[in-house]
Amino acid sequence: MYVKDLNKMLAVAALLCASALTACTPKVEVEETAPESEEVSAEKPSTVMGVVKDVIVVVGNGLVSYEQSQSQKVQGKVSAQNLIADHLCNENAMPLNEDGSYMDSQGPDYPSRLFYCKLAKDTGSPEAVPGALRQIKSISCAVEKAGVIYDDQSRQTVVKMDTRCFTQEQLDMMGVNPTMTVTIRASKPAFFNSYYDTGISIISPEFGEYRLAAKISGTKVEFLTSEDQTALSPDKTGSFAASYDILSGELRFESRSDRFLCAENSSCGWSRHDRILATVAMSGGVITGVSNVEGISADVYDSRNGTYSARTSTIKGDLASGLKARYFHVQNTNVSADLGDASKYSEVVNNRCYTNASDQANCGVNTGIDFPANGAYKFGLHPSTNAILSLDWAAQLQGLQFNSVTMDNVQ
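Counting from 123, one number per residue, gives the positions in the sequence shown under our numbering.
For the record, the hints were derived by calculation from the structure and aren't laboratory data.
Please note that a few of the clues may not be correct.
[Said to hold, decoys possible] Ranges between beta-carbon positions, derived for each pair:
1) Glu386 / Val280: 23 to 31 Å
2) Thr528 / Ser468: 16 to 24 Å
3) Phe313 / Glu386: 52 to 60 Å
4) Ala353 / Lys282: 37 to 45 Å
5) Gly497 / Thr303: 33 to 41 Å
6) Ala385 / Phe313: 28 to 36 Å
Backbone N, C-alpha and C fix where the C-beta goes; we use that ideal spot for every residue, glycine too.
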């Protein structure tokens with residue numbers, strides 16, 4: 123399929139994202155993939171990221187039932203008739219109770235609600251997937267407007283940080299100068315990973331180095347980003363990758379943040395690893411539902427006071443046949459290496475199986491995503507496991523290829 127045909131299909135999908143799933147959900151606030159005058163292009167990674175970001179929000183909302191006649195809680199979230207559903211996640215994408223207090227991580231609804239908060243809520247915070255992608259997309263947009271020449275040469279460029287690409291809230295939160303001089307290097311294919319059609323490196327004193335790459339093949343769009351802030355804070359790196367095929371509806375997403383040993387006062391002291399697989403059902407170019415969701419979200423924490431903790435949530439299924447969520451954790455250990463030892467994790471067992479009609483349905487053979495009984499738990503990215511580092515993973519990635527979500531550290 124030609125690129126112009128892909129753009130036409132993506133434009134239709136973007137316009138319909140806001141009203142997707144209207145048979146069972148309220149309106150989803152989704153920004154347009156790109157301005158009408160912009161085509162989705164590998165030379166403009168921000169447009170590719172915009173497509174994926176909008177679809178991820180649709181997937182997040184597809185995890186929750188909003189039947190207006192329903193009074194019970196389904197998927198750990200009150201029904202839409204209460205009009206407070208969107209207040210059950212805080213700005214850091216953490217689940218809240220109806221009174222605004224933090225949801226108990228050992229409660230039966232915690233792991234399922236966590237995935238809703240991480241996927242559907244765009245508070246601008248990097249803890250939520252849409253928020254993280256919005257930040258990277260905005261940086262890419264600003265660089266694109268400053269001008270990118272794909273000749274594999276490094277040159278200094280003045281980039282404007284304004285509301286053409288950022289929201290005012292983002293600008294206030296970052297607290298950066300309205301203009302900054304950065305060093306940009308761009309190439310076709312990406313000089314740092316030739317699998318991708320285009321690649322851009324952005325180096326600045328304020329952010330360190332960001333790398334952005336994009337690829338379009340047929341009806342499939344892909345992107346890869348990485349951040350290396352070690353010049354500012356040692357052990358502060360991360361990578362994001364995603365692909366979406368608008369014809370098959372297949373969405374793949376993975377993010378890795380290596381910050382466990384980072385000593386900065388904020389945005390450090392933890393590592394995080396998320397992996398998502400989903401199918402967005404489409405008919406005649408219209409998004410009609412979400413199915414076959416599989417996901418893992420893992421965090422390890424250094425509390426800075428001699429104790430360590432970790433949590434891993436998993437989810438599998440859909441609301442038609444049954445959605446199973448599970449939760450595993452290590453709590454308040456004084457041995458850091460425990461976080462990389464699978465045998466130290468315990469499960470908080472719940473009897474939940476979510477469908478459109480019940481939160482205690484029968485999931486049948488779908489027992490969810492299990493945890494390894496022993497051995498090195500590399501998926502959590504604890505340094506003791508010698509898990510592949512985020513930047514090394516990004517350098518060797520040949521697109522996301524997984525067809526199921528498991529605890530394997532490398533595809």
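Now the hints, each set against the structure:
1. Between Glu386 and Val280 the Cβ separation comes to about 27 Å, which falls inside the hinted range of 23 to 31 Å.
2. At roughly 20 Å, the beta-carbon separation of Thr528 and Ser468 lies within the given 16 to 24 Å, and the hint holds.
3. Evaluation of the 52 to 60 Å hint for Phe313 and Glu386 yields a failure: the beta carbon distance comes to about 29 Å.
4. Hint check: Ala353 to Lys282, Cβ distance near 23 Å, so the stated range 37 to 45 Å is violated.
5. Look at Gly497 against Thr303: about 48 Å separates their beta carbons, and that is not inside 33 to 41 Å.
6. A beta carbon spacing of about 31 Å between Ala385 and Phe313 agrees with the range 28 to 36 Å that was offered as a hint.
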